[in-house]
Structure formats: structure tokens, C-alpha cells
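> Listed below are the residues making up each chain.
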Amino acid sequence: MELKLIDVWHSYNGVNYVLRGVNIAFSKPGVYVVIGPNGSGKTTLLKIIALMIKPTKGTVLVDGVDYWSLRDEGLKNNLKKNVVYVHDKPLVFRGSVEYNISLGIKSRNPWEWSKVVEYYMSRYDILNIRSESVFKISTGQAKIVTILRALLLGPKILLLDEPFTFLDKDRTRLLLEDIVELSKEKVIIIATHYMYRELDEVKNQVIELPLLTQ
Amino acid sequence: MAESIFDLTLRSIYISSTAAAISFLLALIIALKLLDSSDKTRSIVIGVFEALVGVPTTVVGLLIYMLLSPRGPLGALRLLYTPIAIIIGETLVALPIAFTSMFRHLQSARYNVRELILALGLTRSDERSLLLRETAPILLSSYFISFARAIGELGVALIAGGGIEGYTSVLTTAIALQTSIGNYEYAIQLGCVLISITMLIIIPLRLLGERVYGA
Ligand SMILES: Nc1ncnc2c1ncn2[C@@H]1O[C@H](COP(=O)(O)OP(=O)(O)O)[C@@H](O)[C@H]1O
Ligand SMILES: [Mg+2]
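Those protein sequence lines, which keep their order, are chains A and B. Heads up, the first sequence is in numbering that gives the first Met the number 0, so the first residue is 0 and it goes up one at a time. Heads up, the second sequence is in numbering that gives the first Met the number 0, so the first residue is 0 and it goes up one at a time.
Think of the hints as simulated: they come from the structure by calculation, not from any bench. Mixed in with the good hints there might be a few duds.
Stated by the list, open to error - Cβ pair distances, simulated, as ranges:
| # | chain 1 | residue 1 | chain 2 | residue 2 | range |
| --- | --- | --- | --- | --- | --- |
| 1 | A | GLU197 | B | GLY46 | 49 to 59 Å |
| 2 | A | ASN22 | B | THR122 | 27 to 37 Å |
| 3 | A | ASN22 | B | LEU206 | 30 to 40 Å |
C-beta atoms are modelled at their ideal positions from N, C-alpha and C, and glycine is treated no differently.
All chains should be modelled from the sequences, with the hints used to inform the complete structure.
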């Protein structure tokens with residue numbers, strides 16, 4: 000799957016542009032790191048790549064198709080399914096840890112989801128809180144929940160917004176391992192305000208914000 | 000002798016829970032539709048419902064009376080002074096409170112639900128079911144509020160129902176009648192039943208709901 004941004008501009012208020020003429024292509028599998036200070040537009044860029052927000056100007060090509068000019072909802076959804084984003088602040092819903100982790104996969108794959116959910120819960124050592132209300136766990140635990148929810152969907156493009164904030168050392172290492180493993184076949188895009196040493200070692204490409212207007 | 004408290008209570012519950020159920024469903028349908036409407040339409044509809052929350056039940060009763068009276072536009076249905084007339088009226092009485100008690104919550108839950116749907120690439124039907132699941136406790140209390148409003152009102156039951164003993168008489172009309180004939184003791188008993196019934200139904204169901212739905 001190839002995803003390309005061509006001369007993408009974005010403004011939330013119609014006056015100030017957060018992104019100015021961004022051109023990037025993601026065609027090869029690998030780890031791409033988007034780096035920049037707070038407010039530089041990392042989240043905005045990731046949400047545009049994730050097909051969540053329509054840029055004010057410019058084109059988003061998915062396998063050569065201009066995504067935002069598509070009319071057919073079914074077709075759009077088929078493309079969208081391959082691109083999954085994880086929010087920087089954990090987005091959780093009333094219910095247990097297990098419910099939240101299986102939210103997406105259950106709807107995609109109603110018959111066979113419990114094994115993979117089980118696998119990830121045990122890998123990240125959260126089996127002991129599986130039935131806990133998601134409002135009673137720590138922010139770091141909630142963050143893991145939301146990352147696992149996305150990981151186990153196995154998307155072709157996975158976008159992680161500040162994935163390591165709130166995580167402890169062991170889980171950071173586990174996640175990095177998974178990222179490296181996944182990046183052999185998939186595109187992993189990570190937004191961060193700080194280049195972690197471990198991330199520096201595994202990255203394939205760095206995209207710095209603010210980008211120069213081209 | 001007046002009819003038994005038990006029969007009166009049962010009739011009250013039956014009529015008001017039916018009215019509450021209909022107004023709840025109507026409110027939910029309107030609210031879900033309104034989530035996708037333009038800001039202007041939304042403000043207007045919210046404003047109308049907020050203004051109608053305290054509408055005098057006698058005015059609604061009068062409206063139903065005029066619609067259903069033999070020479071009214073719906074007179075041919077012969078519904079005046081029947082339980083159905085009360086149900087229709089109480090549905091209208093409870094609708095604004097059913098709507099306003101759920102809408103804001105649906106709206107804010109919808110923001111998060113939509114973020115998730117977009118982030119994971121789920122479908123519109125996932126969006127609907129996740130939204131209802133997420134707001135289930137709110138929807139439950141919205142139904143109870145409608146029920147409390149319906150069972151406690153007098154205007155519609157009296158004007159459109161007529162308080163016919165053994166047929167359309169409910170707790171509130173019986174209280175009015177017993178008071179007017181000076182049977183204060185009985186009226187007070189009915190009043191106590193009316194207040195405790197709402198609590199006896201709502202509190203256990205709430206607790207059960209909290210169990211089922213979590214925090
Ligand atoms: N939903 C929004 N509405 C209005 N302004 C926003 C919104 N999201 C982000 N912004 C603004 O856009 C700029 C870039 O934000 P963001 O993309 O979140 O940056 P980063 O993730 O690099 O910290 C900030 O100035 C922020 O205030
Ligand atoms: Mg950000």
C-alpha cells in the first residue's frame with residue numbers, strides 16, 4: 000500500500016497554517032519518525048496521513064487514488080481500514096480493559112478475535128487487569144490498551160502519536176520490539192517531540208517539522 | 000367506595016411507563032438525527048425543547064382534548080376519555096425532558112466515538128452501537144426522568160382522561176377527586192403511594208443498571 004501527500008496545507012481556523020506544503024510518500028515498509036516541538040503540527044500531520052482529517056489544501060493519494068475526492072463510502076472504508084491511528088491521549092470507553100482492547104477487532108472479525116487479544120494481553124503483562132474498569136487503571140495502562148487495540152488489527156499503515164509517553168521501561172522495550180518486527184512488512188509512523196535513543200537506532204526515515212515550504 | 004389503591008397504582012404505572020417509553024424512543028430518534036444536523040437547526044431544536052420542559056400539563060391536556068373531542072380533527076377515533084388519550088398526552092408532556100436530559104451527553108460522547116471510528120477505520124453501524132453502549136446509563140436515567148414526569152402529572156390525565164373510575168382514573172386524578180370531596184386521609188395515602196412508587200421503581204433499577212453497565 001502506498002500513501003502520498005502532495006502539497007498538503009492545513010489550517011484549523013482559516014488564518015494560520017499548521018502545515019505548509021507538505022510532500023511525503025510512504026511506499027516502503029519501515030519506521031518513519033515525525034519529530035518536532037509541541038504545536039509544530041505532528042498530530043495534525045498524522046491525522047491527515049491516517050485519513051481522519053481532510054487537509055485544507057493538497058492531495059492525499061492512497062494507491063494512486065485521491066482519497067478525499069472519492070464518493071463511494073464503501074470504497075473509502077476499504078482503504079481507511081488499512082490505516083490505523085493511536086491518539087496521544089488514551090481514548091477509552093466505559094467498560095473493561097479487555098472490552099476496550101477488543102473493540103475494533105471484534106467488529107472486523109466477530110468470530111476469531113479472542114486468541115490474539117489474549118496473546119497481546121499476556122505479552123504486555125496486563126492479564127491481571129483484564130476485567131478492571133478502564134476508568135480505574137493508570138494512564139500508562141490505558142495507553143497500552145489503546146496501542147494494543149490498534150496493533151492487533153494488523154493495519155498496513157500504523158500511526159502512533161507519542162506512543163512512549165506514560166509507558167514504563169519494560170513496555171517501551173516490548174513495544175519497540177513489536178514495532179521493529181512489524182516494520183519489516185508494514186509502514187509504522189511515529190510522532191514524537193523527543194528522539195528516544197532506541198527509536199533512533201531502528202528508524203528508517205526522519206521527517207522534521209516544521210517542514211520547509213516547497 | 001373508591002377503587003383499590005392497588006388497581007389505581009397498577010393503571011398509573013402501565014399508562015405512564017408506556018408514555019415514557021414512547022417519548023424516550025421519540026427523543027432518541029430526534030437526538031440521533033440532530034447530531035448530524037447543521038449547527039443552526041440544532042440550536043433551534045434544542046431551544047424549543049428546553050422551552051417546553053416546563054410546559055403546563057393542563058395546556059397539553061387541553062390540546063389533546065381539542066384534538067380528540069367528538070367535533071375535533073381526530074374525533075372519529077373516539078379516543079377521548081380513554082387510557083390511550085392519557086398516553087398520547089403524557090408522551091408529549093415527557094418528550095421535552097426526555098430529549099434535553101439525553102442530548103448533551105449524546106453529543107459529547109459522539110465526539111469521542113467518532114474519533115475512535117476514524118482512528119480504527121470502523122463503520123457507521125459500529126458508530127451507532129458504540130454510541131448507544133457508551134451512553135446507556137444516561138439513556139436509562141433519561142427514561143426514568145420521563146416516567147417520573149408522566150406519572151406525576153395531573154393536567155392531561157384529568158382533562159383528556161376524565162378520571163373515570165375503573166377505567167382512566169390514575170393516582171393523580173384520584174388524589175384530586177378525593178381532596179375535592181374532603182376525603183383527605185385517602186388522598187394523603189394515595190400521595191404517599193405516588194411518591195414511593197417512583198422511588199421503589201427507579202432506585203432498584205438504577206442499582207441494577209450500575210451493576211450491569213459499570214461506572
Ligand atoms: N482541533 C483543533 N482545533 C484548532 N486548533 C488545533 C486543533 N488541533 C491542533 N490545533 C492547533 O494546531 C497546532 C498544531 O497542533 P498539533 O498538530 O497537535 O501539534 P503537535 O502534535 O506537534 O503538538 C497547534 O497550534 C494547535 O493549537
Ligand atoms: Mg501532538
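> Starting from the hint list further up, note which numbers the structure goes against and sort them upward.
Those not satisfied come down to hint 3.
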